[in-house]
Structure formats: C-alpha cells, structure tokens
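Undergrad: Residue strings, one per chain:
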Amino acid sequence: MSGFAVILVHSTGHAVQAERVLKRAGLTVKLIPTPRHLSSDCGSAVRIATTDRDRGADVLSKAGIAIDRIEALDD
Amino acid sequence: MIYLDNAATSWPKPDIVHETMSRYMREIGASPGRSGHRLANEAERIRLDAREAIAELVGLSDPMRVIFTLNATEALNLVMQGLLQPGAHAITTGMEHNSVMRPLRALEQRGVSISVAPCSRDGTLDPQTIDEAIRPQTRLIVVNHASNVCGTVLPIREIGAVARRHDIPFLVDAAQTAGCWPIDINDDNIDLLAFTGHKGLLGPTGTGGLAINDDFNIDMLRPLVFGGTGSRSEHEHQPDFLPDKYESGTPNIVGLAGLVAGLRYVLDRGLERIRVHEQKLTRRLIDGLYAISGVCVFGTRDPHRQTAAVSFMIDGQSASRIAHDLDERFEIMCRPGLHCAPQAHRTLGTLPNGTVRFAPGLFTTEAEIDKAVAAVAQLAEGTIE
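Protein sequences, first through last, are from chains A and B. Note that the first sequence covers residues 805 to 879 in our numbering. Note that the second sequence covers residues 331 to 715 in our numbering.
Read the hints as simulated data drawn from the structure, not as lab findings. Fair warning: there could be bad hints in the mix.
Chain A is faced by these chain B residues, among others (derived, beta-carbon under 10 Å) [as the list claims (entries may be wrong)]: (1) Gly366; (2) Asp392; (3) Gln411; (4) Gln415; (5) Ser563; (6) Glu566; (7) Gln568.
Distance condition first, Cα-Cα at most 30 Å in a straight line; then the derived BS3-like pairs of lysine-lysine [as the list claims (entries may be wrong)]: (8) Lys701/B x Lys610/B; (9) Lys866/A x Lys827/A; (10) Lys610/B x Lys827/A; (11) Lys610/B x Lys866/A; (12) Lys575/B x Lys834/A; (13) Lys610/B x Lys343/B.
Just so we're clear, the structure is a prediction, and the values are computed from it rather than from any experiment. For glycine and all other residues, C-beta sits at the position ideal for the given N, C-alpha and C.
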C-alpha cells in the first residue's frame, strides 16, 4: 500500500474545490488523474494521506462537497 | 472624452482586469474540467475563484450553486424557459427590460400566461400588486432589481417575501445592481439571481450567470443547453448535479479571469464606498439636469431609491439627435432611445420617443458630471433660440 487514499468527486471542478477546501483545513493533498480502474471519468481526483482520510471526508462533508467514493490508492 | 454609458457596460475597467486576462492567455490558456494536467487545473481554479467571489458578493454559502453563462439574458432565459411549462402563469413588472419581456412573450405563444404588475410613473412598485396578481398556476415571479432606463430600484425583499409566502420561485435580474447595490440572496428572499459580469462587477463582456439559492430544488429547472461538461463522460445524458447540469461546452475562462479581477477590485474597494460615490454623482447629475429649463428628468430623482442611470429629455428634440450632438460636439458617450425596454418606457410615459440616458460609473468624476450638465444646457438653449 502507498499510504494514500483517493477521493473521487463528481467532476474536476469539484476536485479542485475539494483540494482548496482541504488545503484551507490544513491538510496536504494533491490532484491526480482519476485512476481508470476506479472510474471512467477523464478528470481529476484528490489524493490524501491515509491517516488524513477520515478528517478529510469530514471536512468535505461539512463544506457540502459530495464524495462519490474514497479508495485506498495502490502503488 | 466622457463615458456615461456604464449602464450598457462599464468602462474603463481596472488595469488588473486586462492584466489578469492577458496572463491567462499567455500563461494558462487551457480548458477547465476536461483534463487533469496542471494548466487545466489552474483554469479550473480561476473558475472556482469566480464562483467564490460571486457567492461572497450575494451571500451564497455554496459556490457550486453559481452557474456561468454568456450574460444575464442567457441566465434569465435559462430560468424562464426551464421552469415555465404550458399552462403555467408568471408575474413580472411594468419596468422590465426585453431580457425578461421577450422570453416571456415567446413563452406566452407556447401556452404560458403572463401578468405584468403595474408600476407608478416614476417606476416604483407596490409589492401588493404582485400579491394581487398571484393565481393557483403561478410558477414564477421575475423582476429586475433596478431599471436600466431610469435606475428605479424595486423592493425585491418585499416582493420576495410575497413569493415565499405563496411558495413561488422568485427570480431577480440584477444586471443593473450587482456591484453597486447591496444584494443578499437570503435576506432578500431570492431563489434565483441573474447577474452580468461586465457592468458593476467590472469584468469583460461575455460573462454573466445565475446564483441558485440553497433551498431551490433544481429538479424543476431544465437546462437551456445540453452538452459536454468534462464530467460523467461515459453517459449520454446530462449530469444532474450543479454546476455541470447548466454549464455545457467550453466556458469563457479568459472572461472569468477578468471577472474575478474586476469583482475582487469591487469587493476590496467595498460596495458601500462605491455606492456612496455613485450616489454623489447621481445627485449632482439629477440636480444639474433638473435645473435646466426645458429638460425633463424621469424616475424617482432620488439617489437613495435609484442607481446611477439617469434618463432625461430636452423639450422639442429627439433623443438620438441629443446623443449624436453630445458625441460630436462634446465627446460625451451616452445611450438614447428605448434602451431595449419598451415596457419601462410605457410606464414612464416616454414611448415612442424614448429618453437620453446618462449612466456614470465608478471612474466618473464630478468634473465630468458638470461638463455633461453644461453640455445639455447648451443643447437645451439651442432649442429655445
């Protein structure tokens, strides 16, 4: 395991919004291409440390950003 | 040269507006939402900046409920055409622009019925007239916040309260007020707020949009345009979530970059400061014009009840002739005629000849107002001779 999780949201627009909201909350995140095995979407997803996964989900939920899925990210 | 056509579009724009647009064209250039590379993400950040700035301006908590369109007209069409089915009834006012009247008249031919609530000769409206026009089939109340002809501000908070009481969606056209008059989507009881980016918000033409309040159910609002959004690409059906449901096709990111810069300029300067400046200019303009013999000034003539759009006429002259003379002889730019608002001119009693409109803006000076007034005085004297 890589120690990262990937947060999938509705669109690249929401991924950029999620990135901003999470960074404002002091979390370290990175936009990555949506892994093809998780979604056929051609846009971006948010990579977050596994240890921040629950807090990140909480921050997004409070900001009203709908999460499609959160998955562990393979190496 | 004196530019008094800010109600059509504001000019000049702050330098930061062109600089930001130029920077986008030179250094970013990409389309948002379509790819995941750094430039596409940077473009998406600009679009998010724009959504956040609009949300901040109107008191909306969720920036994804800000939809961008070509202009306020498209946003108004999106709501009216997306909401009103045959058999439905809509209420508007006697002070509307054709951006509201023409879509409504087109819908009328498809079986939608329309009521136009009458306004007074100065363009003001008693909210009670809206209440009286409500029927069981009423599905929309749509009003402009301020008249583009004479600046009269309508009591949107009170009209919104009527709409809330009857559970009817309330659409406000803020083309003339966003950026120079306070708007709070919640306090003013607004469900849907159409805005333009190129007037009071100091952005470029080709920018506008719709702010959708949190509790408005988008299931009842059909998109005006369908197409690619960059999301849910495997589906041939339009996404049902915001903002993608109403934003198809490559957006005007260079425009939005300029809009962010203009809007930040407005927010940094402060709406109240802008309003005080414009009220001072409006007072000076109205008083100056009103004192000229043979000149009639329309509307409330009260800067606390109107925006900086001042309509006037010189007895015995045509509006287009006055505007032409102002341009040719005094290098003053203004707009004559009916201002795409025959309904408002009917209310003001200025059909079919129309009026001349002076619309100062954020960068207009008192000295320019004085020169414009002096020019009108000279033209009015010409009539008397």
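Undergrad: Now tell me, hint by hint, if it's right for this structure.
TA: Hints and how they fare:
Of the supplied interface hints, the one on Gly366/B holds, with its beta-carbon coming within about 4 Å of a beta-carbon of chain A, less than 10 Å. A distance limit of 10 Å between C-beta atoms decides the matter here; for Asp392/B the minimum to chain A is near 5 Å, and the interface restraint holds. Violation of the interface hint for Gln411/B is found here, the shortest Cβ-Cβ separation to chain A being roughly 24 Å, above the 10 Å cut-off. Using the Cβ-Cβ criterion of 10 Å, the hint placing Gln415/B at the interface with chain A is not satisfied: the shortest such distance is roughly 28 Å.
Among the interface hints, the one on Ser563/B holds; its C-beta lies about 5 Å from the nearest C-beta in chain A, closer than the 10 Å criterion. With a cut of 10 Å, the hint placing Glu566/B at the interface with chain A is violated, because the nearest CB-to-CB distance is about 13 Å. Annotation: interface hint on Gln568/B violated; nearest CB of chain A at approximately 13 Å, more than 10 Å. Of the supplied pair hints, the one linking Lys701/B and Lys610/B holds, its CA atoms being roughly 16 Å apart against a limit of 30 Å.
At most 30 Å may separate the alpha-carbon atoms for a hinted pair to count; Lys866/A and Lys827/A meet this at roughly 14 Å. About 43 Å separates the Cα atoms of Lys610/B and Lys827/A, which puts this hinted pair outside 30 Å; it is violated. Of the supplied pair hints, the one linking Lys610/B and Lys866/A is violated, its CA atoms being roughly 43 Å apart against a limit of 30 Å. Distance hint between Lys575/B and Lys834/A is fulfilled; the C-alpha atoms sit about 26 Å from each other, no more than 30 Å.
Restraint check for Lys610/B and Lys343/B: satisfied, since their Cα atoms lie roughly 21 Å apart, inside the 30 Å limit.
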